[in-house]
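Trainee: Given next are the chains, with one letter for each unit.
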Amino acid sequence: MLFNSIGFAIFLPIVFLLYWFTAKKNLKFQNTLLLIASYFFYACWDWRFLFLLTFSTLLDYYTGLKMQDAENQKAKRFWFWLSVIVNLSFLGVFKYYNFFAESFAESFSLLGIKISPWTLSVILPVGISFYTFHGLSYVIDIYKDRIKAERNFVDYAVFVSFFPLLVAGPIERATHLLPQIKKERKFEYTKAVDGLRQILWGLFKKIVIADQCAIYANQIFNNSSDYSGSTLFLGAIFFTFQIYGDFSGYSDIALGTARLFGIELLRNFAFPYFSRDIAEFWRRWHISLSSWFKDYLYIPLGGSKGGTWMKVRNTFIIFIVSGFWHGANWTFIIWGMLNALFIMPSILMKTNRNNLDIVAQGKFFPTIKELTQIVLTFGLTVFAWIFFRAENLSHAIQYILSIFKNYGSFFVLDNYLKYKIIIIITSIFILVEWMGREQQYAIENLGLKWNRFFRWSLYILIAILVLLFSGKGSTFIYFQF
Amino acid sequence: MKNFIVRTTLFISIIIAIFIFILSLANGYTDPFYLRFTTPKQDNLILGTSRSAQGLQPMVFKRFLNRNFYNFSFTNAHSPFGSVYLNSIKHKLNPNIKDGIFIVTVDPWSISNNGVNPNDTTNFTENNLVLANTNFVNMNPNFEYLLKNLSGEYYKILMPKKVAMFLHDDGWLEVNVSMDSAAVSKRIKAKMEDYRKNTLPSSKLSSVRLSYLKQTVEFLKLHGKVYIARLPVSPQMYEIEQELMFDFNDKINQSVQLSDGYLDMTNENNLYQFIDGNHLWKESGKLVSQKIAEWIKSK
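Residue numbers (the numbering used here), protein chains in the order written: chain A, 1 to 481; chain B, 1 to 299.
Chain A extracted, bound-state conformation (with noise of 0.2 Å):
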């Protein structure tokens, strides 16, 4: 079921309001609908895999619990490990078997050996890296002796499968979501309709900026030996502006329709593409994951702790890793590759904590500088974007060499009214999330303190935009990760 689907339009309101009619002063009873409701928008996406999502879930909390009761460190540790060996087990089997074989085939046909690898022929099951890593941080807290174990299955259950964020994410935290989930909610009207204009704005930026800008970034990353070096560029550059409709769209509609069941999950999105160096990128685009591997990777590494060498070394191996989370394929681990390498210099230089703040904060323009700094960061990024789209690792070589050998006429695209209106309605949007960037997410303040009709028509000209570019009900990009 997807967010932008008549079934999901259906199906929210429902369970908005049997949660707060039916189930009204019950927590149990509310989150006892919440898990029939997660696991039935599972199902819809493919039955067949609830059993796998059960059996992660059953895993972790019992495992939890057996870490918690453990009456040694050796017991512990045996039930943690087993814990992670299963999780990244299923995540092995289920997302990169097929990669490691082929690799594997290839590597061999390198040196004049044949090999025919077996591969498996099964469909990556919807939101497994997502809700691995929810399993994974619990278990490793409880190790850490950060949190204690969950013992109302329910409640657990809940935390690793509510549905806002079973799919796609944000990577949720124990420490931060399962308090919220065992405490009674009231509701709440400002959060509610704060929830809604959420919605509303991950609406827009999923159906009439990502979609439409991928009806070109397609047609050209597609076609890529047909077109000139200009409008390759252009294709990067719708590109760019897709990806983070979509999962910025998709992080807003799951932040806006957790609010409406008095639930706040982690931002994951902060403005990237208003970054003034790499690392303030990562601290802005997708921060439940970046976080994650901050937390549970590069400080166990030894984060920056160890010196120069260390730091290099840890930076290198969680964008590698963050690029193979993305998935099996070449592209992705280059992708990551190439990011480590465009933070390299600030980090070597120790600049990479020097934009913590909100750029031109509290002021309309940003200066030359700030400026220079946004348009090139947005270039590396734009440039590193080639290889997460690209087919496989030659189409992107191919795909960049073309930009700057294969002159020609200048961006050539068909049907050029729809073409003309993307541009436009992408500059507004760049424009909205400028004047926004101060705030959760771009519209969250625009037109509260404006006149009620003033204010309504704003909601309504963004939701007619969205309806008179909505029906084509195109998935999420980072459903397949």
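These are calculated hints, taken from the structure and not from any lab test.
Please note that a few of the clues may not be correct.
[Unchecked claim] Pairwise CB distance ranges, derived in the manner of DEER restraints: (1) Val177/B <-> Phe40/A: 49 to 57 Å; (2) Lys197/B <-> Leu371/A: 45 to 53 Å; (3) Val154/A <-> Asn123/B: 44 to 52 Å; (4) Asn123/B <-> Lys25/A: 57 to 65 Å; (5) Asp46/A <-> Val6/B: 32 to 40 Å; (6) Asn354/A <-> Lys189/B: 53 to 61 Å; (7) Asp46/A <-> Lys62/B: 55 to 63 Å; (8) Ser107/A <-> Asp247/B: 55 to 63 Å; (9) Arg452/A <-> Lys62/B: 51 to 59 Å; (10) Lys189/B <-> Leu431/A: 41 to 49 Å; (11) Asn123/B <-> Val321/A: 45 to 53 Å.
[To be verified] When the alpha-carbon atoms are kept at most 30 Å apart in a straight line, the in silico BS3-like pairs for lysine-lysine are as follows: (12) Lys186/B <-> Lys405/A; (13) Lys418/A <-> Lys189/B; (14) Lys156/B <-> Lys420/A; (15) Lys214/B <-> Lys62/B; (16) Lys148/A <-> Lys74/A.
[Stated by the list, open to error] Okay, the calculated bits of chain A under chain B, using three or more residues with CB under 8 Å as the criterion: (17) 180-194; (18) 456-464.
Built from N, CA and C at the ideal position, the CB exists for glycine as well.
Take the given structure of chain A and dock chain B to it, following the hints.
Mentor: Chain B alone, transformed into the frame defined by chain A:
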């Protein structure tokens, strides 16, 4: 909570009302087919593919035959002879009419199909297109059509009306393109290359489609007179069609025998102008319509 639900319901109702209003603004500029699904059931029909959609002008027929005609032709992908088109014609035709006039245009492509087995009906392109997915063909505004076929592109309804194609209320699709000789030659060259490279090699006569041509004529005969016409095309296009089916007239002979007459206009190919070798220019379309109308009148 009550306040929230009331306001949310009001907000959603306003949005739905505005959206419905926008949908109701759809017209002949929205897309090349929409209006054909919004008019009432018809007594006299012009049927065929894009050649007749663009070439045959109902107003010309009205002038000569003193009755309203409706052009219910689509494209070779949408309306070749088959069950999908026949069913749609049945929905569009006034079931009580007994003295209607029906002009069925034919060409080798509309009785052919691509693919290994040209009679594999599951592989027919029209199965997934507008005629197959639109059950209501006489509803105005036709929300079924718009929701199913304009999804993702509803914004087109509000776009400036400066597109090259305009669908008239009588179903005629007017196409306005540059007719200077260089532009025409370029379009003809591109069209012929496309047909030679892509369409001709994959097309084969489909006996299923041929049978549906016959069934269409048989059905229409129950409601009036049926005239079959083969419209003129550029000499280059005719050459390709001859390669595909040199004995086309023999192939459709059974259907012709059932009809009230057959007019093959391919011997007049040099007399008309075409926008791309395949479709008549609107001025030539007027002349061709007049000629067919006079021929029917003389019958």
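Trainee: Regarding asparagine 354/A and lysine 189/B, is the given constraint of 53 to 61 Å on their beta-carbon distance met?
Mentor: holds, 60 Å
Trainee: With a C-beta cutoff of 8 Å, work out whether three or more residues of the region 456-464 of chain A approach chain B closely enough for the coverage to hold.
Mentor: holds (count 5)
Trainee: Could one say that the CB atoms of serine 107/A and aspartate 247/B fall in the range 55 to 63 Å?
Mentor: holds, 60 Å
Trainee: May I ask you to test the hint 45 to 53 Å on the CB atoms belonging to lysine 197/B and leucine 371/A?
Mentor: holds, 49 Å
Trainee: That 49 to 57 Å hint for valine 177/B and phenylalanine 40/A (C-beta), does it hold up?
Mentor: Since the Cβ atoms of valine 177/B and phenylalanine 40/A sit about 53 Å apart, the hinted range of 49 to 57 Å holds.
Trainee: Mind checking the hinted window 51 to 59 Å against the Cβ distance between arginine 452/A and lysine 62/B?
Mentor: holds, 54 Å
Trainee: Taking 30 Å as the top limit, are the C-alpha atoms of lysine 214/B and lysine 62/B close enough?
Mentor: Holds - the C-alpha atoms of lysine 62/B and lysine 214/B are around 26 Å apart, at most 30 Å.
Trainee: Between lysine 418/A and lysine 189/B, is the straight-line Cα distance small enough, at 30 Å or below?
Mentor: holds, 27 Å
Trainee: Compare the distance between the alpha carbons of lysine 186/B and lysine 405/A with 30 Å, and conclude whether the hinted pair is satisfied.
Mentor: holds, 29 Å
Trainee: Does the alpha-carbon distance linking lysine 148/A and lysine 74/A stay inside the 30 Å limit?
Mentor: holds, 18 Å
Trainee: So does aspartate 46/A sit 55 to 63 Å from lysine 62/B, Cβ to Cβ?
Mentor: holds, 57 Å
Trainee: Within 32 to 40 Å or not, the Cβ separation of aspartate 46/A and valine 6/B?
Mentor: holds, 38 Å
The structure agrees with every numbered hint stated previously.
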